[in-house]
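Asks: Just so you know, the protein sequences line up as chains A and B, in that order. The first sequence runs 1 to 372 under our numbering. The second sequence runs 373 to 677 under our numbering.
Worth flagging that the hints you see were computed from the coordinates, not collected in a lab. Yeah, the Cβ is synthetic: ideal placement off N, Cα and C, and Gly gets one too. Heads up, some of the hints might be wrong.
Said to hold, decoys possible - Derived Cβ-Cβ restraints for the label pairs, each shown as a range: (1) B:Glu429 / A:Asp136: 25 to 31 Å; (2) A:Gly243 / B:Gly431: 43 to 49 Å; (3) B:Thr457 / A:Lys260: 52 to 58 Å; (4) B:Phe518 / A:Gln279: 57 to 63 Å; (5) A:Lys297 / B:Leu500: 53 to 59 Å.
Unchecked claim - Simulated crosslink set (DSSO-like; lysine-lysine; CA at most 30 Å straight-line): (6) A:Lys52 / B:Lys488; (7) B:Lys488 / A:Lys133; (8) A:Lys314 / A:Lys365; (9) B:Lys488 / A:Lys101; (10) A:Lys297 / A:Lys342; (11) A:Lys260 / B:Lys488; (12) A:Lys241 / B:Lys501; (13) A:Lys314 / B:Lys501; (14) A:Lys69 / B:Lys488; (15) A:Lys297 / A:Lys120; (16) A:Lys370 / B:Lys501.
Residues per chain are reported as follows:
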Amino acid sequence: MPVQSPRNPLLILLALVAAMSLALVAVACGDDDSGGGATTLVVGALHVGSVKDNGYNQAMHEGLVDMQKNVKGIKLIEAENVPESADAERVMENMIQQGAKLIFPLSFGYLDPALNVAKKHPDVKFAHPAGFKNADNLATFWSDTTSMAYLTGIAAGKESKSGKLGWVIGFPIPNILTSINAFALGAQSVNPNATVQVIVDNAWVDPAKEAEAVNALVDSGVDVVTMIVDSPATVVQTAEKRGIKSIGFHCLCVKSVAGKGWITGIGFTWGPLFTKYAQDVINGTFKGENTIGSLEKGYAALADWGPNTNADTKKLVEQVKADLIAKKVVIFKGPILDNEGKVRVKEGEVADLGDLLGKTDYLVKGASGKIK
Amino acid sequence: MSTPFVQAVASGSIRSGTSVFYAALGEVIVERAGMVNLGLEGCMLTGACAGFIATAEFGSAYPALIVAALAGGLFNLVFGFLVVTRRANQLASGLTMGLLALGLTALAGNDYVGRKAEGLGHWEIPGLKSIPFAGDVFFQGDLLIFGVVPAAALVWWLLYRTRWGLHLRTVGESRTAAFAAGLNPSRIQYQALFAGGLFGGLGGAHLSLSVAGVWLEGMTSGKGFVAVALVIFASWHPVRALAGALLFGGAVAFQLQLQARGADISPFLLDTLPYLLTLGVLLVWGRRRQFQMPGGLSEVFEGTN
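The task is simple: from the sequences and hints, build the whole structure.
Replies: Next comes the structure, spelled out in structure tokens:
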């Protein structure tokens, strides 16, 4: 049969690419007007995933919505599913063209693109989560998830029957390892034999692998699981399916998809901080500083307790929380050994939290998992 | 309360391999008809997304499976319009369609991210379930897991024991010869694409409705491409595709089970295991493959179109 030559396959491909870009842009540019009143400030925000992920992005989004409620006349432009690449710069430039004077590039990988754009636009302010580089117009922020993880570790240690606890993480970066270590120390403070097993997923978002990681942990005898991946929903739901308990992360809202095995969770409460940034920009007092929340200052909270959490557990966690604030309990107080027996914090010394968050490359005794 | 390692890996292999198996099975039909659909990843995403939306709307995952399968079929028909009717380059069309589906499903599924849907139910076969080892591995799961063996058998029967299968394979060997024999190659290729798409959609639905229980954009994370590679490994045979999918699923489960038991191996190295294994098998089987490759595919790969 004579082969019919393609009349214009390129045109068809072009049309497809055009359709695809349109679809992406439509996802990326969900405008949200302040509704009534004069606009005092245009705020742009970039999310790496969907703001309804029951996780990291939703916690950020809820902070922005809170800010919009607290400061009159804010016009909020949010872009979802923005890749951590030069595309992020284009999205930021586009927001600036729309008048944005404050931009939240809300994923770790947006730091370099944001610094580039910040250099070009000194009049626009930026606030980046967990960044380790600042500029005059680029502030960084995070919360004290370390103390929170110590508290959830206590809850896990009390609620576990086997004493085997599991973590599913995207990547073994220092601030996550610090959370795991604090969690392990918390669990060991109530059950000296408690162990923590870490699985590295090698992805922030891969729900199928997250599910199989939880299955593997359960198969090895773990009966309480927690995670730091973008969307905790799959881990929490798989734990429920397998009949074990779970502790959430990122968003207080995770509880809404959890079942009877839910213990508690760590959730960010960014509203007050984002509100302060917006007010600072309006008042001209914005500074490119690093802000880290604390147990008393906030920016993170424990989620509501699950229906089957023991009263003892709840009481103990509240007690230790008060002790941490009063400095009666210090988490990283020596001697602290890593899981190879090496002394990491000497007897009588207390590790600097900033150092831990930036440099931790080990797991404490009782926690296992290869992280290199 | 821990499960023996071998049993845990075997169960995990089935859980992780099922979605890849359905996708590969669909691709076997497509490639047997002389086409390569590199957009399989998009076909799976379409099924995962449509299945999840339908489950959320209907309140049950079972009618949603039909929707997922049809969505996958529809996706492949669009691909068919490009490569069968318009004779556009298959590799470029497939890749582009895959990217298009990534964007479109992110858009269509955006309202369903974070929603909870009642996924496929977990079944156990009474009696057989209590057999040590085999009971836990083979006699529990969801509808799609139990459907794996019948699906492989069905496709084998369709391809090798029916007139339609003979025609389909003839078209796959040579459109010209099939045309000369009085067949309508385009119609058969459309049929093959639609049938393949049904399975691709089901493969995606297994991810969103059973394994993960959520919809998230891009949640197939490369499984469609693995399925395409597995089809070559399986030398275009439905039953060998099952073996390949279980091997891939087994490698995924193996590395996570090793991590869960504190193995002293880098997780980054372990994470490459399923892909290394796929590559290794392709290398070993590579020399034999020419004898089984549908003739029509050489046009696609070598551009002698």
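Asks: Each hint needs a verdict: does it hold in this structure or not?
Replies: For each hint, the structure was consulted:
Look at Glu429 of chain B against Asp136 of chain A: about 50 Å separates their beta carbons, and that is not inside 25 to 31 Å. Evaluation of the 43 to 49 Å hint for Gly243 of chain A and Gly431 of chain B yields a failure: the beta carbon distance comes to about 24 Å. Restraint check, Thr457 of chain B to Lys260 of chain A: a C-beta distance of roughly 54 Å satisfies the suggested window 52 to 58 Å. Range check, Phe518 of chain B to Gln279 of chain A: Cβ separation about 59 Å, and the 57 to 63 Å hint holds.
The hint said 53 to 59 Å for the Cβ distance between Lys297 of chain A and Leu500 of chain B, and at roughly 58 Å that hint holds. Restraint check for Lys52 of chain A and Lys488 of chain B: satisfied, since their Cα atoms lie roughly 11 Å apart, inside the 30 Å limit. For the given pair, Lys488 of chain B sits about 38 Å from Lys133 of chain A by alpha-carbon distance, which is inconsistent with the 30 Å threshold. For the given pair, Lys314 of chain A sits about 26 Å from Lys365 of chain A by alpha-carbon distance, which is consistent with the 30 Å threshold.
At roughly 37 Å between alpha-carbon atoms, Lys488 of chain B and Lys101 of chain A are farther apart than 30 Å, so this suggested pair is violated. Restraint check for Lys297 of chain A and Lys342 of chain A: the C-alpha separation of about 34 Å exceeds 30 Å, so the hint is violated. With a CA separation close to 15 Å, the supplied pair Lys260 of chain A and Lys488 of chain B stays within the 30 Å bound. A hinted pair counts as satisfied when its Cα atoms are at most 30 Å apart, and Lys241 of chain A with Lys501 of chain B qualifies at roughly 18 Å.
In summary, the hint linking Lys314 of chain A to Lys501 of chain B is not supported, as the alpha carbons are separated by about 39 Å, beyond the 30 Å threshold. Between Lys69 of chain A and Lys488 of chain B, the direct Cα distance comes to roughly 28 Å. Compliance with the 30 Å bound is thereby established for this hinted pair. Restraint check: the Cα-Cα separation between Lys297 of chain A and Lys120 of chain A comes to about 33 Å, which exceeds 30 Å; the hinted pair is violated. In summary, the hint linking Lys370 of chain A to Lys501 of chain B is not supported, as the alpha carbons are separated by about 35 Å, beyond the 30 Å threshold.
In summary, the structure is inconsistent with hints 1, 2, 7, 9, 10, 13, 15 and 16 from the numbered list given earlier, while agreeing with the others.
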